[in-house]
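2 protein chains.
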Amino acid sequence: MTTQQLIDQIKIKKSFLTIGLDVDLEKIPHHLLTLEDPIFEFNKAIIDATHDLAVSYKPNTAFYEAYGIKGWMSLQKTIQYINLNYPEIFTIADAKRGDIGNTSSMYAKAFFEDLNFDSLTVAPYMGKDSVEPFLRFNNKHTIMLALTSNEGAFDFQTLNVSSASGSKELYKQVVETSQTWENSENLMYVVGATKAEYFAEIRKIIPDSFLLVPGVGTQGGSLSEVCKQGMNANVGLLINSSRAIIYASNGTDFAQKARIEALKMQQEMEEIMNLRFNV
Amino acid sequence: MTTQQLIDQIKIKKSFLTIGLDVDLEKIPHHLLTLEDPIFEFNKAIIDATHDLAVSYKPNTAFYEAYGIKGWMSLQKTIQYINLNYPEIFTIADAKRGDIGNTSSMYAKAFFEDLNFDSLTVAPYMGKDSVEPFLRFNNKHTIMLALTSNEGAFDFQTLNVSSASGSKELYKQVVETSQTWENSENLMYVVGATKAEYFAEIRKIIPDSFLLVPGVGTQGGSLSEVCKQGMNANVGLLINSSRAIIYASNGTDFAQKARIEALKMQQEMEEIMNLRFNV
Chain X
1 MTTQQLIDQI KIKKSFLTIG LDVDLEKIPH HLLTLEDPIF EFNKAIIDAT
51 HDLAVSYKPN TAFYEAYGIK GWMSLQKTIQ YINLNYPEIF TIADAKRGDI
101 GNTSSMYAKA FFEDLNFDSL TVAPYMGKDS VEPFLRFNNK HTIMLALTSN
151 EGAFDFQTLN VSSASGSKEL YKQVVETSQT WENSENLMYV VGATKAEYFA
201 EIRKIIPDSF LLVPGVGTQG GSLSEVCKQG MNANVGLLIN SSRAIIYASN
251 GTDFAQKARI EALKMQQEME EIMNLRFNV
Chain U
1 MTTQQLIDQI KIKKSFLTIG LDVDLEKIPH HLLTLEDPIF EFNKAIIDAT
51 HDLAVSYKPN TAFYEAYGIK GWMSLQKTIQ YINLNYPEIF TIADAKRGDI
101 GNTSSMYAKA FFEDLNFDSL TVAPYMGKDS VEPFLRFNNK HTIMLALTSN
151 EGAFDFQTLN VSSASGSKEL YKQVVETSQT WENSENLMYV VGATKAEYFA
201 EIRKIIPDSF LLVPGVGTQG GSLSEVCKQG MNANVGLLIN SSRAIIYASN
251 GTDFAQKARI EALKMQQEME EIMNLRFNV
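Chains X and U, in that order, are what the protein sequence lines are.
The opening residue of the first sequence carries number 1 in full-length UniProt numbering; numbering runs sequentially from there.
The opening residue of the second sequence carries number 1 in full-length UniProt numbering; numbering runs sequentially from there.
No wet-lab data here; the hints were simulated from the structure.
By construction, the Cβ of each residue, glycine as well, lies at the ideal position given by its N, Cα and C atoms.
Heads up, some of the hints might be wrong.
[Claimed, not checked] Partial pick of chain U residues on the chain X-facing surface, computed with a CB cut under 8 angstroms: (1) Ile-12; (2) Trp-72; (3) Gln-76; (4) Arg-97; (5) Asp-99; (6) Asp-114; (7) Ala-123; (8) Lys-128; (9) Gly-152; (10) Phe-156.
[As the list claims (entries may be wrong)] The list that follows gives simulated cross-link-like pairs (lysine-lysine, DSS-like), each with its CA atoms no further than 27 angstroms apart: (11) U:Lys-109 x X:Lys-27; (12) U:Lys-70 x X:Lys-70; (13) U:Lys-44 x X:Lys-77; (14) X:Lys-44 x U:Lys-70; (15) U:Lys-109 x X:Lys-109; (16) U:Lys-70 x X:Lys-140; (17) X:Lys-109 x U:Lys-13; (18) X:Lys-204 x X:Lys-11.
Okay, chain X solo, but in the shape it has when bound (with noise of 0.2 angstroms):
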């Protein structure tokens, strides 16, 4: 998927929402768990209850792996059915790759062409050899870690580092080196939404740049802060809530109530857009 067919949809459906689908066999209805492939169904109908009002799904690679060959099954029949049934969402493995060189080509292949996502996260430890393979996919997308919103994003991303061009923290050190890597066009970035004053820092260096925002709901982040920071001309956010959507009923009624769910994030998206846009 091109960058201005998501531009498009997220035009179109007045939204900016991912769906996070971090399914875990003990937090899903019950009655799912006789079926063949649990997972596989409980997605599938969730992505059936709220495809219109999200314009990407995103699956994070753990949990489908804690399942082993079945897991790895269900991942597969996820991105398969979205692929095939809506073809206009955008899709991320949530899977914070990254290796050197050769390594890291294999997981493109993994992701990009055997699993057809449009994107997957990635981890900027390794620095640019360990980045680049994925970048060499036409209209595929890498969204590398920034500035994470776990605790733990202050034990290092957040350090003063010094470089050529001059003292800066290094999550911000990693997005400008990234810039200069060949075919960084392909890139975007994860940048928490539990630190919403840092997203004006960030758009210094990266005003076009998609942002994959974790952290809002669950963990703290506000929505409204986040946009007024973040956004840009094409909105420019991709804003992902994964529990408080997917669990919002562990009953029989849970597609249904995540679309309610669902549905709250996207008008208060479309109020957003509104405002800023004048529509």
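Assemble chain U onto chain X, guided by the hints.
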């Protein structure tokens, strides 16, 4: 496996060799491709031919994920084969995972419980709460990236960072900080062999920890240099070799040729151990 059991194996085998199972269908002998599971058959032959010379095998998960469910099955069969036939072997899932706490817990479940690896490589960028879930497992080992062997290591890992404890290179800060985390005795570290001069520095911070060392051979690192700077009283090193051993031949003699290469490395290691420990 306990650290002491690993040390015992190193002393018995006079080897601290890890063989990296980075298995690419395009590089393995053609005659295997007609078999039902060529990757597993390749691994089985390599393992059977080298298990007395190596203390550890390290499948890189990217190479399995690239083949989807079939690849995941090959990985599962490989780890089961090792655990069943060679329980004295220390197994490493080279996966470079790391995510927010509840997600890292799922990865830990996937690799430590479902697949039953002894250890897993993780990336440090997301800090304490992304790594501690792995450290909670008794007799399982978390091998954190410190200084990697690729060119991109110089992008961020060697930048100077400022913290309460003074100014130092990021990789040192990462190692130092991680030593304060709960159950840090379950940590090992990845330190690339291409930078032998850094080993002395790292040993000042973590004299006793095991270091997993990629980059000897194909990537140009010198075994004797690494040992001189990085070896401790328990050896404390796991030297990885992947391509130089497993792709020593792509004919029907591939396993025998792999053994010859592994034997060369083991003999070099034995010589170094004899000199060092005056055996």
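Comparing the hints with the structure gives:
The beta carbon of Ile-12 (chain U) is not positioned within 8 angstroms of any beta carbon in chain X (closest approach about 31 angstroms), and the interface hint is therefore violated. The interface hint given for Trp-72 (chain U) holds, since its Cβ lies 5 angstroms from the closest Cβ of chain X, which is under the 8 angstroms cut-off. Evaluation of the Gln-76 (chain U) hint against chain X yields a held restraint, the C-beta minimum of about 7 angstroms falling below 8 angstroms. For Arg-97 (chain U), the suggested interface contact is upheld, since its CB lies about 7 angstroms from the closest CB of chain X, less than 8 angstroms.
Interface hint at Asp-99 (chain U): satisfied, since its Cβ lies 5 angstroms from the closest Cβ of chain X, which is below the 8 angstroms cut-off. The beta carbon of Asp-114 (chain U) comes within 5 angstroms of a beta carbon in chain X, closer than 8 angstroms, and the hint placing it at the interface holds. At about 5 angstroms, the closest approach between the beta carbon of Ala-123 (chain U) and any beta carbon in chain X falls short of 8 angstroms, and the interface hint on this residue holds. Hint on Lys-128 (chain U) holds. Least Cβ distance to chain X is approximately 4 angstroms, under the 8 angstroms limit.
With its C-beta approaching chain X no nearer than about 2 angstroms, Gly-152 (chain U) sits inside the 8 angstroms limit, and its interface hint holds. Hint on Phe-156 (chain U) holds. Least Cβ distance to chain X is approximately 6 angstroms, under the 8 angstroms limit. Distance hint between Lys-109 (chain U) and Lys-27 (chain X) is fulfilled; the C-alpha atoms sit about 16 angstroms from each other, no more than 27 angstroms. Pair hint Lys-70 (chain U) plus Lys-70 (chain X) holds up; C-alpha atoms about 12 angstroms apart against a cutoff of 27 angstroms.
For the proposed pair Lys-44 (chain U) and Lys-77 (chain X), the alpha carbon gap of about 30 angstroms is over 27 angstroms, so the pair is violated. Taking the CA atoms of Lys-44 (chain X) and Lys-70 (chain U), the gap is near 24 angstroms; set against the 27 angstroms cutoff, the hint holds. Note on Lys-109 (chain U) and Lys-109 (chain X): the hinted pairing holds, with a Cα-Cα distance of about 25 angstroms set against a maximum of 27 angstroms. With a C-alpha separation of about 24 angstroms, the suggested pairing of Lys-70 (chain U) with Lys-140 (chain X) holds against the 27 angstroms cut-off.
Of the supplied pair hints, the one linking Lys-109 (chain X) and Lys-13 (chain U) is violated, its CA atoms being roughly 38 angstroms apart against a limit of 27 angstroms. Simply put, Lys-204 (chain X) and Lys-11 (chain X) have alpha-carbon atoms about 24 angstroms apart, close enough for the 27 angstroms limit, and the pair holds.
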